[in-house]
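Trainee: Read off the chains here:
Protein chains: 2
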Amino acid sequence: MKLICTKDNLKKGLFAVSRVVGVGNPLQVLNNILLKTDQGRIRLSSTNLEIGVNTWVGGKIEEEGALTVPAKLINEYINNLPTEKVQLSAKDTTLNLISENYKTNIKGLPSEEFPLIPQIAEEAYAKIDSNELKSALSETIWAAAGNETQPEISGIFLGFSAEGGETGKLRIAATDRYRLAERNAQLKEPVKSPKEVIVPFRTISELFKILGVSSGELEIYFSETQVLFKIDETELISRLIDGQYPDYQQIIPKGFKTEAVVSREELIHALKATSLFASESNNIQLEISEGSGIRVTASSAAAGENETLVSAKVSGSANAAMFNFRYLLDCLNNLSETNVVVRMISDASPAMIQPEGRTNYVYIVMPIKT
Amino acid sequence: MKLICTKDNLKKGLFAVSRVVGVGNPLQVLNNILLKTDQGRIRLSSTNLEIGVNTWVGGKIEEEGALTVPAKLINEYINNLPTEKVQLSAKDTTLNLISENYKTNIKGLPSEEFPLIPQIAEEAYAKIDSNELKSALSETIWAAAGNETQPEISGIFLGFSAEGGETGKLRIAATDRYRLAERNAQLKEPVKSPKEVIVPFRTISELFKILGVSSGELEIYFSETQVLFKIDETELISRLIDGQYPDYQQIIPKGFKTEAVVSREELIHALKATSLFASESNNIQLEISEGSGIRVTASSAAAGENETLVSAKVSGSANAAMFNFRYLLDCLNNLSETNVVVRMISDASPAMIQPEGRTNYVYIVMPIKT
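Chains A and B supply the protein sequences, listed in that same order.
Going by my numbering, the letters in the first sequence line up with residues 1 to 370, in that order.
Going by my numbering, the letters in the second sequence line up with residues 1 to 370, in that order.
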């Protein structure tokens, strides 16, 4: 292998693939990045056996070849390099880098030791605008169960269907059984047949980071057990979670007794102030009534107590329940609308939060029983 | 105690005193901040028994009094508060805060439990411009010994004298016996008698943070065993370290055999690239010669090797030595000049770094013996 590449291209490529690489993995090649010449470009690949990333950058290929080198080392080296271009050449398992007054040898491992990243069907199953998907993920994925003892709900539900507007829709859901976030996103064109899958949280989280530095259209490919997301010059491949996602739609209440339209910022401030006096299980009390809006309270024997009144446009009967303040803040902090609508039934039934004037998003949270 | 204060004033006061307060100190009052009405203003105080901070903010005092409250809680509460003004009143040991629609009680401890912060001589011993001191500290204090087994060099040396220009000078030094940073700063007026003290690192580090948000003149007061720094409305009081600071000036070489003027940025990049291949004791090799400037090299059996040539204006004989790259970067990263001068005698004698064209600063570093 021998090639010349700009520092900026290498940096961009390394940035795309580096996050999934381990450090100190006993299988040493998993700490490495694969560099490979590929049809006139340079392919960089990384994998942690669950997720794989490929990205391609431009360069001048003088001799075909491939080699793996430690991800952390090459990253730090390239990020520090003050020069514009660098020549990379492999000799046995050593990568030689020459750039103006810098001469470096990095010890690598043969490309044959690098795990194969699976290939996936040639035809894209679905297409979606990257900003639409980014916004939908930002409003949902944090609601998944952090604990992997329940593998299905540790992942994110993706449900594709041809219905829902002219171009079909993607339903994204995440739940930990105490709260649920669901968002409908618009596809670019209807899918041929509906499909429901569960994608590992780590994969979606990595996809979210890739979307943060990409734009344009994202393509989604499937095999029996794998998914591939493709945007710009980067591919993210992951296994799917095998299992049945809970039929969560049945727990979303059809009607409510109390509704309050309230400033999202004001409610956040009130919850934060009150959270300082919440018990160890994060309990705070929400009381909604036509006269006083939303009253947020908590008291703790050690710290003291707080009461904050937030003005709100209330309709329906008065209502009160205890909630984990973190569950409320998770939702409110990830929305961007000025006002939200809070709906309640009783102190033992799920409550709902929606952004005012938008119906493609719903957040359901269970009260704490006292 | 009863008073009204703006949120911004309270926030500024809490910011100034909060850093020295502990969290989870078994002596609970040491986790608290003292609020006290004081001649028409509000005094906030904190202490960790080694360092004490007092600061004064304006407010409308309706009833004199004092109370201590947990620092972390009041800080988070005030920082989150969306309103402009807040009324504080003490009832027994509870602080009641009322602000528009916020009503809060914070449990505190009686002010009598709060340790006395010592009073210091009424007359300032020395005065210095805060920017001059900030710049001098930034170039020196990181060179102190992190380890407190040698208490003298765990602190920062301050030597005041009436000599050195018209207004007297302050000599600041820090060393860990392997390297030494010394800077002469200009005082605003000559001191009446010379004085040499050792101030704990933690105190100087806190002073540096206070200087970061202050401007104007800093006054320095002394008692037998204590020092007080006063700027704007804030006082920092600390014990001094008892002991004899090493007579470091004798180890500063009077003459050198090799001198290289080099770009600071280029040398930093070369050291960083090479550091990736340094051994576990951080060894890298510097070779200076008229023909090739500065050659920076390192090699490690595991990672590989690097050689970077940095062009330099060299005079004197060729020379080479091993250094801990962190010791070199500490100095170079904290200077701001474009060029630095590196001077060497041999692979067993101290080397020197100075910013080009400035003589009030010197950095001495010992080579590593191989």
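Bear in mind the hints are in silico, worked out from the structure with no lab data behind them.
Please read these numbers as outputs of a predicted model, since none were measured by experiment.
Heads up, some of the hints might be wrong.
If several chains are the same, the list does not tell them apart, and a pair holds so long as it fits within one copy or across any two.
What the hints assert, rightly or not - Below are the DSS-like pairs computed for lysine-lysine, each with C-alpha atoms no more than 25 angstroms apart in a straight line:
(1) 369 x 72
(2) 313 x 2
(3) 169 x 2
(4) 272 x 7
(5) 272 x 103
(6) 272 x 107
(7) 107 x 313
(8) 85 x 72
(9) 107 x 195
(10) 103 x 230
(11) 192 x 169
(12) 195 x 272
Trainee: When no copy is named, should residue 107 and residue 313 be tagged within, between, both, or neither for a Cα gap of at most 25 angstroms?
Mentor: neither (66 angstroms within a copy, 34 angstroms between copies)
Trainee: With 25 angstroms as the alpha-carbon cut-off, assign the pair residue 192 and residue 169 to within, between, both or neither.
Mentor: Cα proximity of residue 192 and residue 169: one copy only (12 angstroms, versus 81 angstroms across).
Trainee: When no copy is specified for residue 272 and residue 7, does a C-alpha distance of 25 angstroms or less occur within a copy, between copies, both, or neither?
Mentor: Between. Shortest inter-copy distance 16 angstroms satisfies the 25 angstroms Cα cut-off; intra-copy 45 angstroms does not.
Trainee: Please sort residue 313 with residue 2 into within, between, both or neither, judging by C-alpha distance up to 25 angstroms.
Mentor: Close neither inside one copy (68 angstroms) nor across copies (35 angstroms); limit 25 angstroms.
Trainee: Indicate which option fits the pair residue 195, residue 272 if close means a Cα-Cα distance not exceeding 25 angstroms: within, between, both or neither.
Mentor: neither (40 angstroms within a copy, 50 angstroms between copies)
Trainee: At most 25 angstroms between CA atoms: does that hold for residue 272 and residue 107 within a copy, between copies, both, or neither?
Mentor: Close across copies (18 angstroms), not inside one copy (51 angstroms); limit 25 angstroms.
Trainee: Is it within, between, both or neither when you check residue 85 against residue 72 at 25 angstroms Cα-Cα?
Mentor: within (20 angstroms within a copy, 50 angstroms between copies)
Trainee: For residue 169 vs residue 2, is the C-alpha pair at or below 25 angstroms within one copy, between two copies, both, or neither?
Mentor: neither (46 angstroms within a copy, 60 angstroms between copies)
Trainee: With 25 angstroms as the alpha-carbon cut-off, assign the pair residue 103 and residue 230 to within, between, both or neither.
Mentor: Classified as neither: same-chain Cα gap 36 angstroms, cross-chain 52 angstroms, threshold 25 angstroms.
Trainee: Is it within, between, both, or neither for residue 107 and residue 195, if the alpha carbons may be no more than 25 angstroms apart?
Mentor: neither (45 angstroms within a copy, 56 angstroms between copies)
Trainee: Pop the pair residue 272 and residue 103 into one bin, within, between, both or neither, using alpha-carbon distances up to 25 angstroms.
Mentor: between (54 angstroms within a copy, 14 angstroms between copies)
Trainee: From the Cα coordinates, with 25 angstroms as the cut-off, is the pair residue 369 and residue 72 best called within, between, both, or neither?
Mentor: neither (48 angstroms within a copy, 30 angstroms between copies)
Hint check: violations occur at hints 1, 2, 3, 7, 9, 10 and 12; the rest are consistent with the structure.
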